[in-house]
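Engineer: Chain by chain, the residues run as shown.
There are 2 protein chains.
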Amino acid sequence: MQVQVISSVKEACSAKFTQKTAIAIDVLRATSTIVTALASGASSVVPAETVMDAKAIQRPGDVMGGERFCRKIAGFDLGNSPKEYEERTVSNRRIILTTTNGTRAIHKSMRADYVLAASLLNAEACARAALDLKRDIVILCAGSHDDFAIEDGLCAGLLVDHLKEISPIPIECDDFGNAMHAMYRDRSSRILETLLGSASGKRLQKLGSREDIEDCALVNSKGVVPFLSGEQIILR
Amino acid sequence: MQVQVISSVKEACSAKFTQKTAIAIDVLRATSTIVTALASGASSVVPAETVMDAKAIQRPGDVMGGERFCRKIAGFDLGNSPKEYEERTVSNRRIILTTTNGTRAIHKSMRADYVLAASLLNAEACARAALDLKRDIVILCAGSHDDFAIEDGLCAGLLVDHLKEISPIPIECDDFGNAMHAMYRDRSSRILETLLGSASGKRLQKLGSREDIEDCALVNSKGVVPFLSGEQIILR
Chain A
1 MQVQVISSVK
11 EACSAKFTQK
21 TAIAIDVLRA
31 TSTIVTALAS
41 GASSVVPAET
51 VMDAKAIQRP
61 GDVMGGERFC
71 RKIAGFDLGN
81 SPKEYEERTV
91 SNRRIILTTT
101 NGTRAIHKSM
111 RADYVLAASL
121 LNAEACARAA
131 LDLKRDIVIL
141 CAGSHDDFAI
151 EDGLCAGLLV
161 DHLKEISPIP
171 IECDDFGNAM
181 HAMYRDRSSR
191 ILETLLGSAS
201 GKRLQKLGSR
211 EDIEDCALVN
221 SKGVVPFLSG
231 EQIILR
Chain B
1 MQVQVISSVK
11 EACSAKFTQK
21 TAIAIDVLRA
31 TSTIVTALAS
41 GASSVVPAET
51 VMDAKAIQRP
61 GDVMGGERFC
71 RKIAGFDLGN
81 SPKEYEERTV
91 SNRRIILTTT
101 NGTRAIHKSM
111 RADYVLAASL
121 LNAEACARAA
131 LDLKRDIVIL
141 CAGSHDDFAI
151 EDGLCAGLLV
161 DHLKEISPIP
171 IECDDFGNAM
181 HAMYRDRSSR
191 ILETLLGSAS
201 GKRLQKLGSR
211 EDIEDCALVN
221 SKGVVPFLSG
231 EQIILR
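If you read the sequences in order, they're chains A and B. Position 112 of the first sequence, counting from 1, maps to 112 under this note's numbering, and the rest follow consecutively. Position 138 of the second sequence, counting from 1, maps to 138 under this note's numbering, and the rest follow consecutively.
No lab work stands behind these hints, which were simulated from the structure alone. In this text, all values refer to a predicted model and were calculated from it rather than measured experimentally. You may find that some hints are simply not true.
Identical copies go unnamed one by one, so any copy, or any two together, can satisfy a pair.
DSS-like mimics (lysine-lysine), calculated; alpha carbons at most 30 Å apart, straight line [what the hints assert, rightly or not]:
(1) K10 with K202
(2) K134 with K55
(3) K164 with K55
(4) K72 with K134
(5) K16 with K206
(6) K202 with K134
(7) K83 with K16
(8) K134 with K83
(9) K164 with K206
(10) K164 with K72
The whole structure should be built from the sequences, with the hints applied where relevant.
Structural biologist: Below, the structure is given as structure tokens:
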């Protein structure tokens, strides 16, 4: 089974996704928030590329969430902190979510046969689900404003680690996947430290969101696998 | 001191190089060949982007070297194997070199204040020279056909490792630089194995050039620092 890792949304052309299982990653914070929202009982999450798109699809009862420049969008119910997406707020509600990088990554992946959303929170569950789908895998790191983000690469490396451990057939990675796997192995005992030292992590700490980083660093704390069905993300 | 690492030539825009020291890397094989040629006494190496450019600047006595699709160019004196660039062939001669990725990387870096050529062979010497130049550093991994190449990332990580060890002032890396440093640390005891398992390494082995890979894996075996002066690369 072939596994390819793409370093940022800018590198993602549709052709790379055809007939594959895509795994989209935006550790700080979109996919961590999606995982948390669905684990808290949200009925679905609809990723919207722009604030205008989000407002256009809003129906009564929807929860509007997202960020621009790491801050909540004016008039929206929630920002992009996983902790906001708790059961009493999102249970049985549809979430419309628009973020700078993560929702773009999911839209970029839509040409794939299957699209899963991974974060450090649910990496092992995601790796198992992806293996079950029996397609070659392309892991898309959202990155930050078209640049590589180390926290997404770390999650890609963790996914590769689980895939290699679990898969009954050999996993063949491209050079970038092998590099991310080696990087993860060097940093596996310093996950939170790596997130705090990343460019995105430093930006969030300046905005007073250190707790979000801690929440996003809880490796394999959730067993849910968000996957795209039509235009919405639901639980597998 | 800021250190930025760029994953492939495709990612390199000229603005990233202004007022910096650039270090261009193409481990398999262009910068390993340049290092070897200059260490063997070549008077200079002129990187040419195309075969036509190379022929246009040829003067009597020049040695013509390079590759396309990993093979020697018809009518040229030498290919792109470091071992061909030995003293009796290149001493006191000017080399005109054109390769698929490495010479492009050097041309892309030309906006920098200084341009050095690094390989695993001369990484420590290069790190020391770059520190002496007292500019922020941008390390450009040539990659392979616009994709990331793990052997170039490994050399970038080795450079970061030396920079952090040697520098009297703190070295601040971008996310990709920190990722390559961590990757290098995981792989530092398996350098040759990493090169043999890389996409470029597999291609070279198919063409019978395993010995080249072994030659390019000899970490810090040479103390020379090739740097760009006008259109030609000479020893510092």
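Engineer: Compare the structure with each hint and give your call.
Structural biologist: We went through each hint and held it up to the structure:
For the homomeric pair K10 and K202, the shortest alpha-carbon distances inside one copy (22 Å) and between copies (27 Å) are both at most 30 Å. Taking CA atoms no more than 30 Å apart as the test, K134 paired with K55 passes in neither setting, with 37 Å inside one copy and 51 Å between copies. In this assembly of identical chains, the alpha carbons of K164 and K55 never lie at most 30 Å apart, being 42 Å within a copy and 48 Å across copies at closest. Proximity of K72 and K134 under a CA criterion of 30 Å is satisfied in neither setting, with 38 Å inside one chain copy and 41 Å between copies.
In this assembly of identical chains, K16 and K206 lie within 30 Å of each other by CA distance solely across copies; the values are 25 Å between and 36 Å within a copy. Taking the shortest alpha-carbon separations for K202 and K134, only the inter-copy value of 26 Å comes in at or below 30 Å, while the best intra-copy value is 38 Å. For the identical chains of this complex, K83 and K16 are neighbours neither inside a copy (34 Å) nor across copies (37 Å), given an alpha-carbon limit of 30 Å. Within a single copy, K134 and K83 get their C-alpha atoms no closer than 34 Å, and across copies no closer than 45 Å, so neither meets the 30 Å cut-off.
In the homo-oligomer, the alpha carbons of K164 and K206 lie at most 30 Å apart only across protomers (26 Å), although the nearest pairing inside one protomer, at 37 Å, exceeds that limit. Neither within a single protomer nor between protomers do K164 and K72 lie at most 30 Å apart by alpha-carbon distance, with minima of 38 Å and 38 Å respectively.
Hint compliance for this structure: hints 2, 3, 4, 7, 8, 10 are broken, all remaining hints hold.
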